[in-house]
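Mind docking these for me? Both chains are given alone in their own frames, and the hints should help you get the complex.
Chains as they are written, first to last, in the numbering used here: chain L, 1 to 232; chain W, 1 to 295.
Think of the hints as simulated: they come from the structure by calculation, not from any bench.
In this text the structure is predicted, and so the values were computed from the model without any measurement.
Hints are supplied without guarantee of correctness; some may be wrong.
Label pairs and their calculated CB-CB ranges [claimed, not checked]:
#	chain 1	residue 1	chain 2	residue 2	range
1	L	S221	W	W183	51 to 57 Å
2	W	T230	L	I23	43 to 49 Å
3	L	L214	W	E291	39 to 45 Å
4	W	I223	L	T223	51 to 57 Å
5	L	K13	W	D275	20 to 26 Å
6	L	V76	W	A150	36 to 42 Å
7	W	G70	L	K13	54 to 60 Å
8	W	D275	L	L214	30 to 36 Å
9	L	G92	W	A150	29 to 35 Å
10	L	N67	W	K68	49 to 55 Å
According to the in silico footprint, chain W covers these stretches of chain L (three or more CB under 8 Å from chain W) [what the hints assert, rightly or not]:
#	segment
11	80-91
12	171-182
13	193-201
If we take Cβ atoms under 7 Å as the criterion, some of the chain W residues that face chain L in the derived model are [unchecked claim]:
#	residue
14	D54
15	T75
16	G90
17	E91
18	G190
19	G192
20	D193
21	I197
22	R215
23	K216
24	Q218
25	K247
Yeah, the Cβ is synthetic: ideal placement off N, Cα and C, and Gly gets one too.
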Amino acid sequence: MELIWEGLRQAVKLLFAGDPEMIRIAFLTLRVSGTATLISVIIGVPLGVFMALQRFRFRNVAVGIINTGMGIPPTVVGLFVSILMWRYGPLGFFNLMYTPTAMIIAQSLIALPLVTGFTMAGVQQLNPKLTLQILAIGASRRQLCWLLIREARLSLLAAVIAGFGGVVSEVGASMMVGGNIRGHTRVLTTAVVMEVSRGHFAMAIALSIILLALAFAITMSLTKIQQRGGGR
Amino acid sequence: MRKKMFLLAVLLLLALAMITTGCASPRADQPEPTPTVPTAAKEIILATTTSTQDSGLLDTLIPMFEEKTGYIVKTIAVGSGAALALGERGEADVLLVHAPAREKLLLESGHAITRDLIMFNDFVIVGSAEDPAGIRGMAAAAEAFAAISAKESLFVSRGDNSGTHIKEMVIWKQANIEPAGNWYIETGSGMGDTLNIATEKQGYTITDRGTFLSRKEQLSLDILVEGEATLLNIYHVMQVNPEIFTKVNAAGSQAFTDFMLSPEAQAVISDFGVDRFGQPLFFPAAGKNVEELGK
Numbered sequence: 001m002e003l004i005w006e007g008l009r010q011a012v013k014l015l016f017a018g019d020p021e022m023i024r025i026a027f028l029t030l031r032v033s034g035t036a037t038l039i040s041v042i043i044g045v046p047l048g049v050f051m052a053l054q055r056f057r058f059r060n061v062a063v064g065i066i067n068t069g070m071g072i073p074p075t076v077v078g079l080f081v082s083i084l085m086w087r088y089g090p091l092g093f094f095n096l097m098y099t100p101t102a103m104i105i106a107q108s109l110i111a112l113p114l115v116t117g118f119t120m121a122g123v124q125q126l127n128p129k130l131t132l133q134i135l136a137i138g139a140s141r142r143q144l145c146w147l148l149i150r151e152a153r154l155s156l157l158a159a160v161i162a163g164f165g166g167v168v169s170e171v172g173a174s175m176m177v178g179g180n181i182r183g184h185t186r187v188l189t190t191a192v193v194m195e196v197s198r199g200h201f202a203m204a205i206a207l208s209i210i211l212l213a214l215a216f217a218i219t220m221s222l223t224k225i226q227q228r229g230g231g232r
Numbered sequence: 001m002r003k004k005m006f007l008l009a010v011l012l013l014l015a016l017a018m019i020t021t022g023c024a025s026p027r028a029d030q031p032e033p034t035p036t037v038p039t040a041a042k043e044i045i046l047a048t049t050t051s052t053q054d055s056g057l058l059d060t061l062i063p064m065f066e067e068k069t070g071y072i073v074k075t076i077a078v079g080s081g082a083a084l085a086l087g088e089r090g091e092a093d094v095l096l097v098h099a100p101a102r103e104k105l106l107l108e109s110g111h112a113i114t115r116d117l118i119m120f121n122d123f124v125i126v127g128s129a130e131d132p133a134g135i136r137g138m139a140a141a142a143e144a145f146a147a148i149s150a151k152e153s154l155f156v157s158r159g160d161n162s163g164t165h166i167k168e169m170v171i172w173k174q175a176n177i178e179p180a181g182n183w184y185i186e187t188g189s190g191m192g193d194t195l196n197i198a199t200e201k202q203g204y205t206i207t208d209r210g211t212f213l214s215r216k217e218q219l220s221l222d223i224l225v226e227g228e229a230t231l232l233n234i235y236h237v238m239q240v241n242p243e244i245f246t247k248v249n250a251a252g253s254q255a256f257t258d259f260m261l262s263p264e265a266q267a268v269i270s271d272f273g274v275d276r277f278g279q280p281l282f283f284p285a286a287g288k289n290v291e292e293l294g295k
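In isolation and in its complexed conformation, chain W is listed as follows (with noise of 0.2 Å):
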């Protein structure tokens, strides 16, 4: 009787095992990738920014990329920082980033072929509606950050290295301040969580708008400070450089590049959250120039 209750167990746990890696054959809705290409070259491994993806305009997209194309794309959602840092040793095969800066530097080094426009919204101050620091409706962003550190008000910073994260950085650094102190506290988080915990804490913090407006409903935080030309928020996509690395997949970084320029994919990203939010999450700028953008 024991010994039978002891096979049943085992016998359960293979069967589970069994059952379940035959079921969940992931892709089954797919069409089968031409026999003739390997399937490792049909997937593609995109870094990206976790507001692309929290936004759900990803969610939108690469359906629609996958579809068109037959490609299979792995979305790696983290912030630019390590989006970047993943580029950098051949790790992913394209990137959707804005860090202009640190993306830059990835093409001079050459760890990167290509650097292409593809959309861009703002980043906005946020806070309590008390507005404890009193920085509604400033004009700079540095003076909104001098009054918040000279209050000593709470700010709740992403501290991941992530674009928005950079961007306060520089803010802070334009403002001659370095951040420290009980009132500065750093989440680690994505944005979706660091918000959270500003609207917790009832703190100050820095986002881009796409995050804010799909988020807005469950924060009672407002929009205090926006408008200035410095707070545009870029993202470019970049191919990684395939002569550096030979297992990027280039043919497929390539053809993500030209779907995101493709009047199709602007045309998704222009009408994005309209419904929802009502308002754009993200405003299309293939083609264009950084200089002429929120003109």
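Isolated chain L, as found in the complex (with noise of 0.2 Å):
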């Protein structure tokens, strides 16, 4: 329990100082997720709303890559996204392997099935006759997605959550096409882990508050919105 209260003590110490390592490996962080979010969101709204409307052949298994993809192990992109980012992989003469760029990659492809697959599960709950009823006044295809989106805003919501959640919290993929290197792609989950293994139990701790508070903040205000919005 002391080693509890120890690691809020320097968590505290950490914030009021300014640690400048700390300092730096917060922004990393949200630089990182925020970044790998927005990517997603990019993506993956569109791409949920499409295959909400959308009625194709082999549909149902497209669904179920989605949402098996809402689960995918960090780790297991973490290390595709290596072999194919290695100096002699793939996509090696992009120079991405153990850069804050590589990671965001890495995140993105985390977040996008979350946020896909919120969008779609969203837009697919609003009353069918919606659509037929937006159509019948005369709307076009562009006004109907961009109406259709506005009336799913809550589930979208959920969807960026779900996905900055998902990101800001992930530490397989960070610590393999990152590196956990100081100073260049450091992040706060990483940074738990090595603390924890260097026995630094209370910096752990410190770190991982530091996580919480800014994956609370972030969230609330998110949430906030969404629920102002939602309340009819």
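This is how it looks when you write it as structure tokens:
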């Protein structure tokens, strides 16, 4: 128990002293996971809407793949991204291994099925008559999509929250493609793993608390927007 | 109103990404590399063992090297087995490892071009103070392992193909034992984590002295067997062959090797840990022969 207090004390100390190493790690965490979430939203939301509205062959298989992807182990994504990005891998000439960019790519792949799945479920949940109604007023295809997205915004924000939560807490892929390099690719989760293996338990707890606080702050602001917008 | 809120959410996310992208330029405090040299040539990938990172030694040495030479070192701390595998594939420029037999293989296959002795410490067998297998004070590691296996006392293995794990397997072989059963568990983790597990389960394990000393305070484990000549733990720096792997930073790995062999770095190694643990974690060995170590 005293270890947790010690960790809390250290967390407060780190935060108030403005420890530059800690700030750098926290900012990198936000930058990587924030960008990855953004990318997954840009791709995942249209993809989710498309999957919800369109009927095509093997659609069930596609939905099954997305649903499986929602629970894909980040380590597996990390391994495949590593193999692609290694110097002598197929994408090696980009020189991306052990960079924040590689981490963003891996995390985007982790968040993408989450965002797509939640969006798809949200749009499908809408009353099917709504689509007919909107089309009946003479809306174009694009207007229809936009209106449906607006109607499903509660689920869309859930999708963003799930995507961000999934990647900010992920450690396997970040460790593998980032390498936990001090000053380059060390994020909060990989730092926690390292501090535990170094036996700096209080430091690990402090970093965990900072990670939790960060995740809570972001998720809370998204939730606030979600709940305010949804109060009918 | 609702549309506004949705827009706000999107904007927030965008802003978040932008702010953080702008703020987090990772090496703002470092001098800019000279414009004539492309950044990639200034980066060195160092694949090394967990013990050098977990003990904190590299946190002291790497910034010194970076400041002196302007290179940026990307340290990938994995087991020695994985580090050597990265070298074999040309995915690292320089290696700092402790698995002598495998290192020689890499040198013979031509994937590495140099192998320089840097430092050493030794392996020790640790366990709970009760010592259920009664190995305390035994002179030979193989004898101690045989006793543990005969008593079926819990043994916690790294199981991760690291230098320490490879050493452990050599000792089992000397004792003519194929370790298996409920008494033998493999963590698949680094030395620090494995020591944590050995403490929690009050089992035996083999560790390098450096990591053990740096972790001693949080552990309830004693050194039970030490001192046998075969228990030496020797670290070499190896340069990956730039002729096979053209993407290898040859100048950078040469500079890192030179630095590790320099009196400056060797002095840091010999002092490292003395202030906190009362004794050094590693002993410098540049320019020595393996045969004269530990004497």
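If you check each hint against the structure, which ones fail? 3, 7, 9, 21, 23
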